[in-house]
Amino acid sequence: MKVLVTGTGSLLLGGVAGELVRRGDEVVCLQRRPAAFDGHENAREVLADISDADAVALAAQGCDAIIHGAARVGVVGSQRDFHDTNVLGTENILAAARQHNISRLVFVSTPSVAHTGESLIGAQAGTAEIGRSRSYYAESKAVAERAVLNARNEHLAVVAIRPHLVWGPGDTQLVGRIVERAANGKLAVIGTGNALVDSTYIDNAISAHIAALDALHIGSDCDGKAYVVSNGEPRTVNDLMRSMCEAAGVPFEPRHLSLAMGVRLGALIERVWPILRSSEPPVTRFIAEQLGTAHWFDQRAVQQDLQWAPHVTLNEGFERLTQWFASH
Amino acid sequence: MVNIQPSLVAEFATFGLDPSWSRTIDVPSHDGATHQWHLLDRPGTNKDAPVVLCLHGNPTWSFLWSRLLNELNADFRVIAPDHLSMGLSERVPTRAYRDRVADVNDLVTALNITAPIWIVAQDWGGAIGMGYAVAHPDRVAGMVLSNTGIAIPHNRRAPLLIRLAAATGIHRLVTKESSLFVRGTPFLPGSGISTMQRTALAFPYRRRKDRNGVADFVADAPLTSRHSSAQDIADVAEKLSNVTFPVRLVWGSHDPVFNDDFAHDLMNRFQNVALHRIANSGHLTVLETSIAPFVEAAIRENAEARPLQQPVTALNDGGTLWSQIDHWVNEDDIAITDAAADTSVTRPEFAARVATYAQALHDRGVRTGDRIAVLVPPSIDLIAVVYACWRIGAIAVIADRGLGLRGLKSAIRASRVKHVIGPMKAVAAARLLRWAPHASIIRLSGLARSSVISRLEFVSAPEPTADDLAAVLFTSGATGPAKGVRYTHRQLYAQRDALQKAYDITSADTFVAAFAPFALYGPALGIATGLADMDVTSPSTLTAAALDDACRRVGATMVFASPAALANVVKTASTDIAHLRTVRLVMSAGAPVPIQTLQAVSLLCPKAELHTPYGMTEVLPVANVSLSDLTRIGNGHGVCVGKPVSGCSVRIDPDTSELLVSAPWMSAGYDSLWLTEHNARPVLTTDSHPTVWHRTGDVGHVDAEGNVWIEGRLVHVIHTSRGPVAPVPLEIIVEAISNVVRAAAVGVGPMNVQQIVVVVETTTRNEGPADAVLTQAVRATLAPLPIASVWVTKNLPVDIRHNSKIDRTAVSKQMSQILAGSKK
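Just so you know, the protein sequences line up as chains Y and U, in that order.
Here the working numbering is used: the first residue of the first sequence is 37, the next is one more, and so on.
Here the working numbering is used: the first residue of the second sequence is 542, the next is one more, and so on.
Hints may be right or wrong, so weigh each one.
[Stated by the list, open to error] Cross-link-like lysine-lysine pairs, in silico, DSBU-like; alpha carbons within 35 angstroms at most:
id, chain 1, residue 1, chain 2, residue 2
1, U, 1148, U, 1042
2, U, 1346, U, 950
3, Y, 222, U, 1354
4, U, 1354, Y, 261
5, Y, 222, U, 1335
6, Y, 38, Y, 261
7, U, 1335, U, 1042
8, U, 950, U, 588
9, U, 1112, U, 1346
By construction, these hints were calculated from the structure, which means they are not laboratory data.
Chain Y with its partners taken away, still in its complex shape (with noise of 0.2 angstroms):
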């Protein structure tokens, strides 16, 4: 099988691409800067926006299957840099799709574009809305949802997976900036970071998305539908981040602000951020929120329709995480 895997400079795309490659199929990389697999046989690496139109469709040139996971993340840049890459990139994957008469596109989407701030608990994955998210990112992920999800028909097999909270060794995102805010001694926890909310080990990401691509028929169960990821082990933000400072050997030792007040600085740094520094901001609305009250999901669905299950549990995983650290 040859498969157009878009977005692999990150961690958990070129994960799935690396597992892809080792399993033996034929890999084609679309990303703006070089990675890990060039000049592997199975691999090759396409260096263009996902933007570009005209790229996108060459890349997917003779693939029988997309992994769409490119996308602008965080909360720098205008609504428009957001649409940009996440909608209209998106619409140039299914544009190729139709163009080369592929069946079967995974794309990379976040729970995010159904959170609307209040609490999930064991909850089902909602439909994405539109007009009612917190942030540019997750407003744009909604609409390229939406997108794919509707260009399901008979030729063209869709589904949308939300890994929730990714985060294993490399990552630079969640445990980079926690174990760094902790070593600096800057390490806030916004609420009472009693809420439970589930992560994902990194290596069960990957292995859910294959599951994705491996289930992903016409007609089969997940075709048209959304789900949320997880390791499904649901745990309080204080017991995640005090884990992975834990495993990286910093103290755990946050200070605490509260919901209200994170949400209204959040708001603030939203506005006045991108102007001053091109940096991820430490906090936003979104991240206040999305750490200070509970979301967690009902795994079932997800499990049975895509034959999958975690087989990482997050202890084996803060373990590997320590290892990781103590090589590192």
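Given the structure of chain Y, go ahead and fit chain U onto it with the hints provided.
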């Protein structure tokens, strides 16, 4: 003719009603005209199922049935009409009861209903439904009635509120000119009607002219026998005794209009009738609570042709407890010693006291079948009064102070006692606090002054039969609101036999009962009974010295005590406890007993075998285990309660792991809790014998050796996505971690995706999320089960009586809030 058919789609949606249910129909009437009816008509998916016809009362309309329409099993078609001049039906001139009954027939005919009809009705809808049912008994399969009536109960007056509303001068003002009656009804006492429900109830009656029907309904209530409808209603009431189909009463006990007296009146009118009294709801019970389960169970029960009450197989000779005391009346031994009062009675003295009290109760009007609340504190007199009640066939209602004042009040009110007996203080409180407003009050001191009857055979009152009801006992309420449990004389006698057999009790034995219920069995077992000096409502007040003293007084060979009492005995033990050393058997009942307590007791009573029976107020004993057995068996998956006692059968529900038991000494059922009893007492066939079983509410398993292991309460089972997880085995494992004193495993989140949370009491007595070390220890010991969070608390919520049954439902609720991210 006023045609009311505005567009109501938006309103109906707001009221939680599917607009497609709403329709109007022109019905040719028995009065010659054609009237337009409005009805809510929910189609059913099963064409062969009965049709449920819902009749509202005054001043409501078909919205009254909104919950039933939404919640009842989809099999059934549900038809809820608005009576003429009511709700959205046509306004017609004044209609009397007779016409309203005929109206129902007109409607049934026009709808061309051929399936059997179940009438579900409330308030005056009940009277109309009963009228229809006696006129067309072939069409009606059964009735579920809620807070209604057909006649003013004997010795009572019409409901005050109806009398007020109907009073000349204010009737029109209250019911029509103002919306007081319409708006006021939802504010009657009960568990609360929401703002939306109130708006919906008043919706068709917003304008003055819409309220004619409301006023006419009140005027049609026959408050005097001269009323034009009085004879028609009396005729219907008369015919109810001919009704053979099942009638189930679902009663809100807070209703000041159709109160418990009306339920009782209906209970005496039908042949096949049962009552479920809901402690916390009122007049609009059908809207305050979900009545769908009642309607479904009533229909199902009827379809199964299940007998209302199966007799428990009699394995004994049909003896009664009270008659046993005559067997030893000539022996001059001590019958009962009360250490607190420093008095004792010989056997002839005790028999004479029972006989005297029995005659005195009879002389004060207590009759066979009368219920009598026994508020006598534990003492020789308590035992004498209970035996006296049994002798004359009075039903002793026993609810101890362990329930708390509120629990005691609701228990006594629920059991509708005709008499209250106790010392001055208790009966005065009962009267003052309106526990039993209509009961006769009998003072204990008055009984004691009656002329002495020396033997039971001289009592002039008739004797009850073995299958008459003997007692209503209230469960401790540790695991839910107190429920009355009914026992017949035969069942109590079988219980005596079971205890005698389980503990090899012979006439050579004597015993000290530091656990109140067992003291009652002493005379019936024919053995001397000692009452220790303690506050029985607070078992931990039993000291080693007090227990030793009680043992000395009767030369005890056996001690029956609760675990908390024994724990305190161990704590207060000194060297001077010589009389405990000769005891041959110690039995500890009421709650699980820690093995450490048993071991400590065995040091104080070296000759004693230590036993703990397993059972509940509804069936006791079920199983029994000794300390030596426990030591031999060791740890396992749950708490080992031993092998079932001889004569008791045990089985495990294959779907839920719930423990079901059956024994000749099983109680008759629950009191005024028909649905609870229906659910708790399945009929199962074993060896081609249909037998009544009791659902214990405990989950567990039976091991290869035949020992029963309890893994927790069914309601406390954690439903994870990997399957159900019972809490107790987890807790036992966690309690082995050093510094952990007590643990509770609870679930948070929705059914079947629940996460496991462990909350522990520790020796350090911190509060909040557990530290990394304890969290890791708990996770490691319970692996591979994922544990979402570990918490430390100073005090887990436990029952007052035994200080041991953890209220996991409360723990789960609290943890759900915390782990949702809300502030502590």
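Verification of the supplied hints:
1. 1148/U with 1042/U: Roughly 20 angstroms separates the two Cα atoms, so the pair holds.
2. 1346/U with 950/U: holds (23 angstroms)
3. 222/Y with 1354/U: holds (34 angstroms)
4. 1354/U with 261/Y: holds (33 angstroms)
5. 222/Y with 1335/U: Status holds; Cα separation ~32 angstroms.
6. 38/Y with 261/Y: holds (23 angstroms)
7. 1335/U with 1042/U: Outside the cut-off at roughly 43 angstroms; violated.
8. 950/U with 588/U: violated (47 angstroms)
9. 1112/U with 1346/U: holds (21 angstroms)
Consistency with the previously given hints fails for numbers 7 and 8, ordered from lowest to highest.
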